[in-house]
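One letter stands for each residue in the lines below.
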Amino acid sequence: MRNHNEHLETLTEIRSMMERSSRFISLSGLSGVAAGIIALLGAAMVYVYLGLRPFSNYRIFYTEVLDKGKWGIGYEAFFLMDAFLVLVLALAAGIYFTSRKAKQKGQKVWDKSALRMLSNLSIPLVVGGIFCLVLYREGQILLVAPATLVFYGLALVNGSKYTLNDIRYLGLFEIGLGIIGLFFPGYGLELWAIGFGLLHIIYGLVMYRKYE
Amino acid sequence: MKHLLEKLETTKLDNRIRLGIMSMLMVNDWVDFGGFKEMLGLTDGNLASHMKVLEGEGYVEMRKAFVGRKPQTSYTATVLGRKAFTDHLAALEELLKSGT
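Sequences listed follow chains U and H, in order.
The numbering used here numbers the first residue of the first sequence as 74 and each following residue consecutively.
The numbering used here numbers the first residue of the second sequence as 846 and each following residue consecutively.
The set of hints was computed from the structure by calculation and includes no laboratory data.
Misleading hints may appear alongside valid ones.
For lysine to aspartate or glutamate, the following EDC-like pairs were computed, each having C-alpha atoms within a straight-line distance of at most 16 Å [stated by the list, open to error]:
1) K234/U to E92/U
2) K185/U to D874/H
3) K185/U to D877/H
4) K185/U to E92/U
5) K942/H to E92/U
6) K915/H to D859/H
7) K178/U to E883/H
8) K176/U to E883/H
9) K897/H to D877/H
10) K176/U to E285/U
11) K181/U to E883/H
12) K185/U to E906/H
13) K928/H to D859/H
14) K909/H to D877/H
15) K178/U to E285/U
16) K181/U to E92/U
17) K909/H to D874/H
18) K857/H to D889/H
19) K857/H to D932/H
20) K178/U to E92/U
21) K882/H to D184/U
22) K928/H to E902/H
23) K283/U to D239/U
24) K928/H to E906/H
25) K942/H to E82/U
26) K857/H to E902/H
27) K928/H to E900/H
So these bits of chain H aren't anywhere near chain U, every CB distance computed over 10 Å [as the list claims (entries may be wrong)]:
28) E900
29) G913
30) T923
31) K928
Source: prediction; values computed, not measured.
A virtual CB, placed ideally from N, CA and C, is assigned to each residue, including glycine.
Given the sequences, and given the hints that come with them, work out the whole structure.
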């Protein structure tokens, strides 16, 4: 008769096979930490540019500075450049740490499960991006930061079905912060820094300790 | 106890590789040949022979399609196959519970 341990091993193996073939599990916690730090730096740049401190201003925050051009860069150009840099650097860090983790574990990074997660992640993200561009065009600049949080959260909740389940809760937190932001528009950047900065760092550390 | 063991050993799922194939099919609608090879680390011949066994039992169904110009063979689990898999798991779990 085969022993207890062997059956247990078979069951564990089956479970891992089901997980690995349906979910993208190479996502590294460190990529969250890196993205969070980059987002905080990006937010800090905005405060420096505006010459403001977090939690010090309300609605005047954005409108007051509309016609200022510090460092020879206009308000809009500066914001776009800052956001673009944060996005590119955070993505690069995410790709780097995730590929590194997959390589360490001897797994392929860009397999079917990765594609499935990315495509599910990108639907709410692309819709959100378009929505924010329209908000911006309509002059609803105060709503852009909270809207990015809401759509990013929705994207995480949607993508979480195809990756580590913890991502779902991160998504719910981001949505919550975004909704708070919609009702307190003057705090958009503060909430944005908490959502994209602090939450990513905390989540990244938790996931790193849990899985790596 | 004895009938449980018999149940396990008479099904064609009493094999790590075939069980692995079925676990992948439980969570994916269709998996192509290359997907199995990669996940399970098998050669073409080895995988094909296990697939033949599963097909013979009526546990999986095959579909051939063209992706671009390349022919691609994919498999899906049948209702019978899903039932065999869950029964097998249940039997394993029962064995674990009773046989400490």
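Results of checking the hints against the structure:
no. : hint             : in the structure
1   : K234/U to E92/U  : holds (11 Å)
2   : K185/U to D874/H : holds (13 Å)
3   : K185/U to D877/H : holds (11 Å)
4   : K185/U to E92/U  : holds (13 Å)
5   : K942/H to E92/U  : violated (24 Å)
6   : K915/H to D859/H : violated (34 Å)
7   : K178/U to E883/H : holds (15 Å)
8   : K176/U to E883/H : holds (15 Å)
9   : K897/H to D877/H : holds (15 Å)
10  : K176/U to E285/U : holds (13 Å)
11  : K181/U to E883/H : holds (9 Å)
12  : K185/U to E906/H : violated (21 Å)
13  : K928/H to D859/H : holds (15 Å)
14  : K909/H to D877/H : holds (9 Å)
15  : K178/U to E285/U : holds (10 Å)
16  : K181/U to E92/U  : holds (14 Å)
17  : K909/H to D874/H : holds (15 Å)
18  : K857/H to D889/H : violated (20 Å)
19  : K857/H to D932/H : holds (12 Å)
20  : K178/U to E92/U  : holds (15 Å)
21  : K882/H to D184/U : holds (13 Å)
22  : K928/H to E902/H : holds (12 Å)
23  : K283/U to D239/U : holds (10 Å)
24  : K928/H to E906/H : holds (14 Å)
25  : K942/H to E82/U  : holds (14 Å)
26  : K857/H to E902/H : holds (8 Å)
27  : K928/H to E900/H : holds (15 Å)
28  : E900             : holds (20 Å)
29  : G913             : holds (16 Å)
30  : T923             : holds (18 Å)
31  : K928             : holds (16 Å)
Hints 5, 6, 12, 18, counting from the list given before, are not met by this structure.
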